[in-house]
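Trainee: Each chain, written out:
Number of protein chains: 2
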Amino acid sequence: MTDESNQASLAAHIVTSYDEDLQYLVRRIAEMGGVAERMLEEAVVSLVNSDPALSQKVISDDLLLDDAERQIGEKAVLIIAKRQPMAADLRDVIGAIRIAADLERVGDMAKNIAKRVLAVQGMAQPKKLVRGLDHLAELALTQLKEVLDAYSQRSAEMANSIRERDDEIDAIYTSLFRELLTYMMEDPRNITACTHLLFCAKNIERIGDHATNIAEVVYYIATGDQLVNDRPKDDETATVGAGD
Amino acid sequence: MTDESNQASLAAHIVTSYDEDLQYLVRRIAEMGGVAERMLEEAVVSLVNSDPALSQKVISDDLLLDDAERQIGEKAVLIIAKRQPMAADLRDVIGAIRIAADLERVGDMAKNIAKRVLAVQGMAQPKKLVRGLDHLAELALTQLKEVLDAYSQRSAEMANSIRERDDEIDAIYTSLFRELLTYMMEDPRNITACTHLLFCAKNIERIGDHATNIAEVVYYIATGDQLVNDRPKDDETATVGAGD
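Which chain is which? The protein sequence lines are A and B, in order. In terms of our numbering, the first sequence opens at residue 3 and continues consecutively. In terms of our numbering, the second sequence opens at residue 3 and continues consecutively.
So that you can see chain A by itself, here it is in the shape it has in the complex:
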């Protein structure tokens, strides 16, 4: 073998290996996304069906995401140190750290919903409001699925359209918030259960926010630009007054 071919084969080896490193991050993020989606789905099913065993499963699944985030973070730092990636590659690695952090938080939200399902066990729960929560969760789940697609396709366009749709989740959350207040006022015996449902709704709304954060990271990975934050991340319920 000549020196030249030796070097070419070495270079090819390094390139492949680097791609493998990035593929590892992409694969682990996709796995985390799958777990986070399932946790949200199951948390809400456990609420609708009053299924404490399923709630317990969601609570213990959260450890999977905590571990995955830590491992992705460690691997990302190793990749930067070893490979010294530039430009788009560096954005990929930094982006993976950020997305993993958001998905880990989505898991925390789903776990919190599951815990509240256990807390409201046996209390009267207004069917209409539980249906409302179910609908809100469907929207958040769609956002989550689509943003993970946008990530795997590195699509700035998809990322942008996801970000714009967060308003719909906020609007439905705000109307649920008002309904829950009304329900509590009608009968004080509903207060404990409704307060837990209120926090469940808030958790789902925050999952929508995390999907939006991920969309912003995908946009950054794909384009190198940061979307300037003209989107009001805050929910509207903060301004719901007594006269509403």
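Check before you lean on any hint, since a few could be wrong.
Same chains, same names: a pair is fine if it fits in one copy or spans any two.
[Said to hold, decoys possible] Straight line, CA to CA, 27 Å or less: simulated DSS-like cross-link-like pairs of lysine-lysine: (1) 204 - 84; (2) 59 - 130; (3) 77 - 147; (4) 77 - 204; (5) 59 - 129; (6) 204 - 130; (7) 204 - 59; (8) 130 - 147; (9) 147 - 59; (10) 129 - 77.
Think of the hints as simulated: they come from the structure by calculation, not from any bench. Bear in mind the structure is a predicted one, so any value in this text is a computation, not a measurement.
Dock chain B against chain A, hints included.
Mentor: Coordinates of chain B only, in the frame set by chain A:
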């Protein structure tokens, strides 16, 4: 000038310049920390004193943190690409990205409190509960101040002790949560105001969580190890049932 002294002066120049880059990040994080602390302080003062002008100030100050986070993120990526830092230096830069994200979220929480102060304007607010919120905010503020000290001193030991004290905030939050429920049950006219106070308390509790996250990043910067997550990040109120 000899070649050797030329090189030495070049090396010194590069070193200085790199330190300047890192110092920029440290300085910007300290500034963000200062703004976040002030926002929390003023949000709670505006609640205690029913001061809508101060609430408005907190709401508009949030933009400062959004901008600072974006700028720190951009600078950090530039530093990695240009300087290709290794080991402790790389941890510093990655850590700055993470801490900036947490401080930006602290600003969001303070802004949300300020908005709710505007929403409850003119409603009866239980003095005792507002005092409870004020106390909770003091604890969170102490955590925030100390974790920023731990960051500026790169102290793993301080970081660790801050992380352990988050339990106290969670315990006080849980007792406030119960009191707020009781107050709502006593008189349904309190429900709207108490719900907003409930979310204010939750925001403060989450600021404590962000301080804990930052403590974990400081530990990582200082030691290179990640603290394994044996700390229950979730609040206890998720399990407050009807029998409590």
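Trainee: Run every hint past the structure and note whether it holds.
Mentor: Hints, verified against the model:
no.	hint	in the structure
1	204 - 84	neither (41 Å within a copy, 41 Å between copies)
2	59 - 130	within (26 Å within a copy, 39 Å between copies)
3	77 - 147	within (24 Å within a copy, 31 Å between copies)
4	77 - 204	neither (33 Å within a copy, 33 Å between copies)
5	59 - 129	within (24 Å within a copy, 41 Å between copies)
6	204 - 130	both (17 Å within a copy, 26 Å between copies)
7	204 - 59	both (21 Å within a copy, 25 Å between copies)
8	130 - 147	within (26 Å within a copy, 45 Å between copies)
9	147 - 59	within (21 Å within a copy, 37 Å between copies)
10	129 - 77	neither (46 Å within a copy, 50 Å between copies)
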